[in-house]
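2 protein chains.
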Amino acid sequence: MLAESREEVKIAYSTADHPIMQAISTYKEIDKVKGIVYERMDEWYSIYFPELQGLNAEAYAEIVLNMKDSESVTQEMLEKAAGAAGTEIFKRIIGNSTRPKIGEEEYKALRELAKTEKDLTELQNTLDKYIGESVGKALPNVTYLIEPKIAAELLLKAGSVERLATFPASTIQLLGAEKALFKHLKFGGRPPKYGVLFKLPQLGNASKKQRGRLARAYATKISIAARADAYSKRFIADKLKEQLDKTIAVIMESKD
Amino acid sequence: MLAESREEVKIAYSTADHPIMQAISTYKEIDKVKGIVYERMDEWYSIYFPELQGLNAEAYAEIVLNMKDSESVTQEMLEKAAGAAGTEIFKRIIGNSTRPKIGEEEYKALRELAKTEKDLTELQNTLDKYIGESVGKALPNVTYLIEPKIAAELLLKAGSVERLATFPASTIQLLGAEKALFKHLKFGGRPPKYGVLFKLPQLGNASKKQRGRLARAYATKISIAARADAYSKRFIADKLKEQLDKTIAVIMESKD
Numbered sequence: 001m002l003a004e005s006r007e008e009v010k011i012a013y014s015t016a017d018h019p020i021m022q023a024i025s026t027y028k029e030i031d032k033v034k035g036i037v038y039e040r041m042d043e044w045y046s047i048y049f050p051e052l053q054g055l056n057a058e059a060y061a062e063i064v065l066n067m068k069d070s071e072s073v074t075q076e077m078l079e080k081a082a083g084a085a086g087t088e089i090f091k092r093i094i095g096n097s098t099r100p101k102i103g104e105e106e107y108k109a110l111r112e113l114a115k116t117e118k119d120l121t122e123l124q125n126t127l128d129k130y131i132g133e134s135v136g137k138a139l140p141n142v143t144y145l146i147e148p149k150i151a152a153e154l155l156l157k158a159g160s161v162e163r164l165a166t167f168p169a170s171t172i173q174l175l176g177a178e179k180a181l182f183k184h185l186k187f188g189g190r191p192p193k194y195g196v197l198f199k200l201p202q203l204g205n206a207s208k209k210q211r212g213r214l215a216r217a218y219a220t221k222i223s224i225a226a227r228a229d230a231y232s233k234r235f236i237a238d239k240l241k242e243q244l245d246k247t248i249a250v251i252m253e254s255k256d
Numbered sequence: 001m002l003a004e005s006r007e008e009v010k011i012a013y014s015t016a017d018h019p020i021m022q023a024i025s026t027y028k029e030i031d032k033v034k035g036i037v038y039e040r041m042d043e044w045y046s047i048y049f050p051e052l053q054g055l056n057a058e059a060y061a062e063i064v065l066n067m068k069d070s071e072s073v074t075q076e077m078l079e080k081a082a083g084a085a086g087t088e089i090f091k092r093i094i095g096n097s098t099r100p101k102i103g104e105e106e107y108k109a110l111r112e113l114a115k116t117e118k119d120l121t122e123l124q125n126t127l128d129k130y131i132g133e134s135v136g137k138a139l140p141n142v143t144y145l146i147e148p149k150i151a152a153e154l155l156l157k158a159g160s161v162e163r164l165a166t167f168p169a170s171t172i173q174l175l176g177a178e179k180a181l182f183k184h185l186k187f188g189g190r191p192p193k194y195g196v197l198f199k200l201p202q203l204g205n206a207s208k209k210q211r212g213r214l215a216r217a218y219a220t221k222i223s224i225a226a227r228a229d230a231y232s233k234r235f236i237a238d239k240l241k242e243q244l245d246k247t248i249a250v251i252m253e254s255k256d
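For the record, the sequence lines run as chains W and A.
With this note's numbering, letter number 14 in the first sequence gets 14, and the count goes up by one each step, no holes.
With this note's numbering, letter number 218 in the second sequence gets 218, and the count goes up by one each step, no holes.
Hints are computed from structural coordinates only; laboratory data are not their basis.
Mixed in with the good hints there might be a few duds.
Okay, the calculated beta carbon distance ranges per label pair [what the hints assert, rightly or not]:
hint	chain 1	residue 1	chain 2	residue 2	range
1	W	E76	A	E43	43 to 53 Å
2	W	T74	A	K115	24 to 34 Å
3	W	D69	A	F235	26 to 36 Å
4	W	R190	A	K68	48 to 58 Å
5	A	G35	W	G204	32 to 42 Å
6	A	E43	W	E133	45 to 55 Å
Mimicking DSS-like on lysine-lysine, the simulated pairs with C-alpha atoms at most 30 Å apart in a straight line are [said to hold, decoys possible]:
hint	chain 1	residue 1	chain 2	residue 2
7	W	K233	A	K101
8	A	K179	W	K34
9	W	K118	A	K149
10	W	K118	A	K115
11	A	K118	W	K34
12	W	K68	A	K32
13	W	K179	A	K34
14	A	K28	W	K115
15	A	K108	W	K32
16	W	K34	A	K149
17	A	K34	A	K199
18	A	K118	W	K129
19	A	K80	W	K115
20	W	K115	A	K149
21	W	K32	A	K68
22	W	K137	A	K108
23	A	K118	W	K32
24	W	K233	A	K32
25	A	K108	W	K129
26	W	K118	A	K34
27	W	K32	A	K34
28	A	K108	W	K28
29	A	K28	W	K32
30	A	K118	W	K115
31	W	K101	A	K28
32	W	K179	A	K179
33	W	K68	A	K28
34	W	K108	A	K32
35	A	K115	W	K115
36	A	K239	W	K28
37	A	K34	W	K149
38	A	K101	W	K137
39	A	K32	W	K115
40	W	K34	A	K108
Computed from a predicted model, the values in this text were never measured in an experiment.
Don't be surprised by glycine CBs; every beta carbon is placed ideally from N, CA and C.
Go ahead and model the full structure; you've got the sequences and the hints to work with.
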């Protein structure tokens, strides 16, 4: 009996979707962590260089790694790290002569903080690559229609490929909008129109009304694709994509 | 006028305590971040090696970095990473033959996660060193009485050396217990006995009643030391320490 239940556990854990879910939730947690590290770096380093505030994390970290004091500042380095914003920052740094000096040990700590920010980005790239490959295997049809990371998030919300395949389109459309849905059901007001699918880049160019319709169109095809991935294992996504593209075109042509 | 206010800003920012406060709050945030990374690593890796659960973060990360599959496990490596617990883990790993295989790409991501955990510990060590040196300069008397990190936390709560020096002992005793104090004032119940000072290792061996008295004794001497650090700049902490040690001995001899 023990051996049997062991075998069951093995099967449950070795299903390919379990590690994917670990990877996508790690990716999301690292997003949070990057935010914390960025905030600490920004607040601390801006004692010495308030000119950098507002820069994105990557450019900011690159500059911290290369700029100990205003003597070591070059326009070239700033432009390489921050593009056009770098030119502006260079002018402002050069124009401000009142600046406290940063200590040796303190700069070392700040550099390590900036290095951490960069390493976290690299970790996310590795996770991204792994998610792309593994979710492509687990959900070949679904990932033909939408980005691997969005597919992985749907999988995370569902819990398994099999469970995702049992969901009707309306559920898939609202996966990730559980809180908003609960609020709607309890307190009234507008129902949510999308959850995870809000991240589809195609929704970016659409009006508010079009977005809801787009999310529904995607959800409809995703639910069919997920069933193929879970049960028939046949590749049908090319046809689904064709139909989906047509529906999208119709929605985007409509005035509102 | 602009030049004048610029000068003022320069003075405000170049006071030595501002970077210390940045360093200690970074240290505390990195604690949080390490917890998040550890949790992700543990949850993911335990699909393959549930035997590691409960290990501390450092040992856990070391093992993840060295153990791709159960074939690469050696007793020596586990003992080096986790001490006596490693021996137990080795037995359990060898005894369990049902184990899913970890993929190449997936292990790469897990290794990077473990590497991140280790790098964060190193960042904390650098911060720790910097805090030790800088708070020793800003608060030589206070750090003669208590650990630099606890002194830095008091400084963070106060906002500046000057402000810390204005606090009576009763305030210093409760710095960091603001929430508990508020709860007490609003809803009644027991008042808090200590805030940041709870972290004093000396409180570890004391009874509940002794702890409150110890915190008060420390707070009394810290408030005198802080005033010397802010105003007279004279070193008086050796005498304070002598008196403090006597008071501590009396408290610890009392039965409760």
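Each hint, compared with the structure:
no. : hint                       : result
1   : W:E76 - A:E43: 43 to 53 Å  : holds (44 Å)
2   : W:T74 - A:K115: 24 to 34 Å : holds (32 Å)
3   : W:D69 - A:F235: 26 to 36 Å : holds (32 Å)
4   : W:R190 - A:K68: 48 to 58 Å : holds (50 Å)
5   : A:G35 - W:G204: 32 to 42 Å : holds (35 Å)
6   : A:E43 - W:E133: 45 to 55 Å : violated (21 Å)
7   : W:K233 - A:K101            : holds (23 Å)
8   : A:K179 - W:K34             : holds (28 Å)
9   : W:K118 - A:K149            : holds (27 Å)
10  : W:K118 - A:K115            : holds (13 Å)
11  : A:K118 - W:K34             : holds (16 Å)
12  : W:K68 - A:K32              : holds (28 Å)
13  : W:K179 - A:K34             : holds (28 Å)
14  : A:K28 - W:K115             : holds (18 Å)
15  : A:K108 - W:K32             : holds (21 Å)
16  : W:K34 - A:K149             : holds (24 Å)
17  : A:K34 - A:K199             : holds (20 Å)
18  : A:K118 - W:K129            : holds (23 Å)
19  : A:K80 - W:K115             : holds (28 Å)
20  : W:K115 - A:K149            : holds (23 Å)
21  : W:K32 - A:K68              : holds (28 Å)
22  : W:K137 - A:K108            : holds (18 Å)
23  : A:K118 - W:K32             : holds (19 Å)
24  : W:K233 - A:K32             : violated (43 Å)
25  : A:K108 - W:K129            : holds (11 Å)
26  : W:K118 - A:K34             : holds (16 Å)
27  : W:K32 - A:K34              : holds (12 Å)
28  : A:K108 - W:K28             : holds (18 Å)
29  : A:K28 - W:K32              : holds (16 Å)
30  : A:K118 - W:K115            : holds (13 Å)
31  : W:K101 - A:K28             : holds (25 Å)
32  : W:K179 - A:K179            : holds (29 Å)
33  : W:K68 - A:K28              : holds (24 Å)
34  : W:K108 - A:K32             : holds (21 Å)
35  : A:K115 - W:K115            : holds (13 Å)
36  : A:K239 - W:K28             : violated (53 Å)
37  : A:K34 - W:K149             : holds (24 Å)
38  : A:K101 - W:K137            : holds (16 Å)
39  : A:K32 - W:K115             : holds (18 Å)
40  : W:K34 - A:K108             : holds (20 Å)
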